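Colleague: Each chain, letter by letter, is given below.
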Amino acid sequence: MNGIVALYIFMLAAFTGYEVIAKVPVILHTPLMSGSNFVHGIVLVGAMVALGNATTPLEKSIGFIGVLLAAGNAVGGYAVTERMLEMFKSSGARGKGGGSKGGGDKDGGDKDGGAKDGGAKGTH
Amino acid sequence: MDGYFSAAALIQASYLLTAFLFIMGLKRMSSPVTARSGILWAGAGMLLATLATFFYPGISNFPLIIIAVLIGSVIAWVSGRRVAMTDIPQMIALYNGMGGGAAAAIAAVELYRGEQHSTAGTTLAVVGGIIGAVSFSGSLIAFAKLQGLIRKSLRFGGQQLLNLLVLAAALLLGGLVASGVMATPAAVTGLFAAALLLGLSMTLPIGGADMPVVISLYNALTGLAVAFEGFVLDNAAMIIAGTVVGSAGTLLTQLMARAMNRSLGNVLFSGFGDTGTAAAGTAIAGSMKPIEAADVGVMMAFAQKVIIVPGYGMAVAQAQHKVWELCQLLIDRGVSVRFAIHPVAGRMPGHMNVLLAEAGVPYDLIADLDEINAEFETADVALIIGANDVVNPAARNDKSSPIYGMPILNADKAKNVIVIKRGQGAGFSGIENALFYLDNTRMLYGDGQAAVSALIAAVKSV
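As given, the protein sequences belong to chains A and B, one line each in that order. Using the numbering used here, the first residue of the first sequence is number 1, and each one after it goes up by one. Using the numbering used here, the first residue of the second sequence is number 1, and each one after it goes up by one.
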């Protein structure tokens with residue numbers, strides 16, 4: 001890759017990253033940090049290439065550790081982020097993840113939630 | 001040769017698609033409505049890039065690669081699925097440290113191989129390697145602190161000077177390696193040793209309460225290290241994903257520091273952030289007035305509006321499920337119930353939202369400080385469970401208090417304030433809470449979970 005092109009990519013990606021999360025609510029700070037933590041797990045791709053190019057035992061050992069760590073970053077980051085985000089539900093979806101409530105109340109809960117959803121949107 | 005070129009083109013195309021999926025995924029993750037699909041998009045991108053890389057031209061050692069991927073994945077998957085939601089912050093630190101370590105490992109392999117990059121390439125490998133190694137050892141310390149493995153914050157005179165010296169050593173060795181003056185394996189080893197030491201000595205003095213900001217910073221640094229190693233390997237997916245995380249992470253670090261009412265420089269260099277160091281403030285007149293669960297039950301059942309203020313203590317007592325059960329009873333009686341979350345509730349900004357979501361609380365019932373503060377005046381009951389400093393009115397009106405100036409939830413403005421508390425002592429921070437002594441405040445003593453169970457029984461019997 002041409003050096004100046006790489007710098008353009010760097011600059012545009014930096015602006016993109018800033019803009020993409022510029023208006024994130026506090027409610028999502030923890031999952032979003034975990035999610036961006038997952039995204040830099042792409043280092044796995046580079047670690048695989050580095051280990052794939054390694055020749056001496058020292059290079060292979062370091063490369064092996066690198067791939068192992070990178071896989072841990074990607075998979076672990078995905079696992080915790082997905083677990084957290086899966087739990088975020090609005091009132092409309094309450095019956096599904098609601099825990100202690102019986103199925104009989106589900107319909108009432110949903111209607112109730114729909115109304116509140118609208119209200120919550122209004123206040124933002 | 002034809003196969004070679006088509007493989008390269010296929011890989012480039014899949015990396016492009018991966019970059020698109022990552023950016024869209026992050027975009028979707030920044031709204032609660034679409035967040036779940038966001039991580040799925042990003043996950044698909046990661047899977048695609050990883051599979052495509054197996055066809056990377058000229059690489060070998062496939063058995064080693066597959067074994068390493070399997071070991072790393074299985075360990076991380078099992079730990080990530082099992083970890084309790086209260087321990088999420090340290091797991092993020094751990095996985096982030098692994099990413100930083102991987103970036104440093106790439107740099108190490110490339111530097112030990114030597115003489116295969118331009119000066120610019122070697123320089124970027126060195127800088128990315130240093131940043132990655134700092135992020136690796138620093139994140140491990142952050143993990144150990146949050147996990148309770150390291151309880152003390154190591155501080156001594158001249159600490160900042162030592163950090164500067166170690167940084168200078170790393171940069172000097174890095175300069176020698178990158179310029180080719182002394183590109184020996186020994187210099188490369190020394191370079192990484194200095195960088196790892198820097199991560200340790202930078203992070204050890206920082207107190208546990210400030211760790212979320214530090215983890216967020218290391219998250220951004222790992223992103224940057226990944227981007228730099230992407231330049232070295234000529235890998236656009238790494239450059240884009242790493243840079244996006246680097247800048248998004250920097251912004252997130254600033255937002256978190258602001259939410260915790262600290263500046264980043266203050267967190268990194270002041271050696272503050274340990275709770276329990278300063279317990280001062282004006283002595284409070286009056287007494288705490290106890291109340292029975294049955295009375296609270298009646299009060300809440302006939303209220304029009306109830307606001308719950310949860311703190312980390314609620315999660316430690318594992319009371320969030322019971323709290324939500326109580327709220328559902330109240331909602332069914334027609335009571336308007338909302339949760340008020342202070343930015344620093346939980347172990348990191350947004351952590352309490354995760355804990356409530358785990359219990360099944362819909363996110364639209366959860367309000368943050370700016371949104372809810374005006375509503376306390378019209379609330380019949382404010383129920384405080386496991387929160388302390390974030391509802392202490394001393395932050396508003398007692399200039400001698402250590403927390404003076406911190407934004408708080410105005411729970412004291414509610415008509416009735418009920419505080420669920422284990423005993424009469426001061427809280428975690430050691431600061432006396434003026435709220436507990438107010439005329440409209442009643443104390444419901446007991447373990448969080450037991451107290452809320454008693455409230456559920458009381459509401460049911462109304």
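What the hints contain is simulated information worked out from the structure, not anything from laboratory work. Just to be clear, a hint being listed does not mean it is correct.
What the hints assert, rightly or not - Label pairs and their in silico Cβ distance ranges: (1) LEU58(A) / LEU154(B): 16 to 24 Å; (2) LEU58(A) / ARG422(B): 54 to 62 Å; (3) TRP77(B) / VAL5(A): 50 to 58 Å.
Said to hold, decoys possible - SDA-like cross-link-like pairs, simulated, lysine to any residue; straight-line CA separation at most 25 Å: (4) LYS23(A) / PRO407(B); (5) LYS60(A) / THR189(B); (6) LYS60(A) / THR123(B); (7) LYS27(B) / ALA14(A); (8) LYS23(A) / ASP439(B); (9) LYS289(B) / GLU371(B); (10) LYS60(A) / GLY190(B); (11) LYS23(A) / MET260(B); (12) LYS60(A) / ILE67(B); (13) LYS23(A) / LEU251(B); (14) LYS60(A) / PRO63(B); (15) LYS60(A) / GLY114(B); (16) LYS23(A) / LYS415(B); (17) LYS60(A) / ILE59(B); (18) LYS23(A) / ILE59(B); (19) LYS23(A) / GLU371(B); (20) LYS60(A) / LYS305(B); (21) LYS399(B) / ASP439(B); (22) LYS415(B) / ASP439(B); (23) LYS27(B) / LYS60(A); (24) LYS27(B) / LEU7(A); (25) LYS23(A) / ALA367(B); (26) LYS60(A) / ARG113(B); (27) LYS60(A) / MET182(B); (28) LYS23(A) / THR123(B); (29) LYS413(B) / GLU377(B); (30) LYS305(B) / SER90(A); (31) LYS23(A) / GLY180(B); (32) LYS60(A) / ALA374(B); (33) LYS399(B) / GLY92(A); (34) LYS27(B) / GLY92(A); (35) LYS23(A) / LYS413(B); (36) LYS60(A) / GLY180(B); (37) LYS460(B) / ALA450(B); (38) LYS27(B) / ALA22(A); (39) LYS23(A) / TRP41(B); (40) LYS23(A) / ALA374(B).
Nothing here was measured: the structure is a model prediction, and the numbers come from that model. Don't be surprised by glycine CBs; every beta carbon is placed ideally from N, CA and C.
Colleague: Now tell me if each hint is right for this structure.
Modeller: Checked hints:
no.	hint	result
1	LEU58(A) / LEU154(B): 16 to 24 Å	violated (32 Å)
2	LEU58(A) / ARG422(B): 54 to 62 Å	holds (55 Å)
3	TRP77(B) / VAL5(A): 50 to 58 Å	violated (37 Å)
4	LYS23(A) / PRO407(B)	holds (20 Å)
5	LYS60(A) / THR189(B)	holds (16 Å)
6	LYS60(A) / THR123(B)	holds (22 Å)
7	LYS27(B) / ALA14(A)	holds (14 Å)
8	LYS23(A) / ASP439(B)	violated (40 Å)
9	LYS289(B) / GLU371(B)	violated (30 Å)
10	LYS60(A) / GLY190(B)	holds (19 Å)
11	LYS23(A) / MET260(B)	holds (18 Å)
12	LYS60(A) / ILE67(B)	holds (13 Å)
13	LYS23(A) / LEU251(B)	holds (10 Å)
14	LYS60(A) / PRO63(B)	holds (12 Å)
15	LYS60(A) / GLY114(B)	holds (15 Å)
16	LYS23(A) / LYS415(B)	violated (34 Å)
17	LYS60(A) / ILE59(B)	holds (12 Å)
18	LYS23(A) / ILE59(B)	violated (42 Å)
19	LYS23(A) / GLU371(B)	holds (16 Å)
20	LYS60(A) / LYS305(B)	violated (64 Å)
21	LYS399(B) / ASP439(B)	holds (22 Å)
22	LYS415(B) / ASP439(B)	holds (10 Å)
23	LYS27(B) / LYS60(A)	violated (37 Å)
24	LYS27(B) / LEU7(A)	holds (23 Å)
25	LYS23(A) / ALA367(B)	holds (16 Å)
26	LYS60(A) / ARG113(B)	holds (11 Å)
27	LYS60(A) / MET182(B)	holds (23 Å)
28	LYS23(A) / THR123(B)	violated (35 Å)
29	LYS413(B) / GLU377(B)	holds (5 Å)
30	LYS305(B) / SER90(A)	holds (20 Å)
31	LYS23(A) / GLY180(B)	violated (45 Å)
32	LYS60(A) / ALA374(B)	violated (61 Å)
33	LYS399(B) / GLY92(A)	violated (45 Å)
34	LYS27(B) / GLY92(A)	holds (23 Å)
35	LYS23(A) / LYS413(B)	violated (30 Å)
36	LYS60(A) / GLY180(B)	holds (23 Å)
37	LYS460(B) / ALA450(B)	holds (15 Å)
38	LYS27(B) / ALA22(A)	holds (10 Å)
39	LYS23(A) / TRP41(B)	holds (20 Å)
40	LYS23(A) / ALA374(B)	holds (22 Å)
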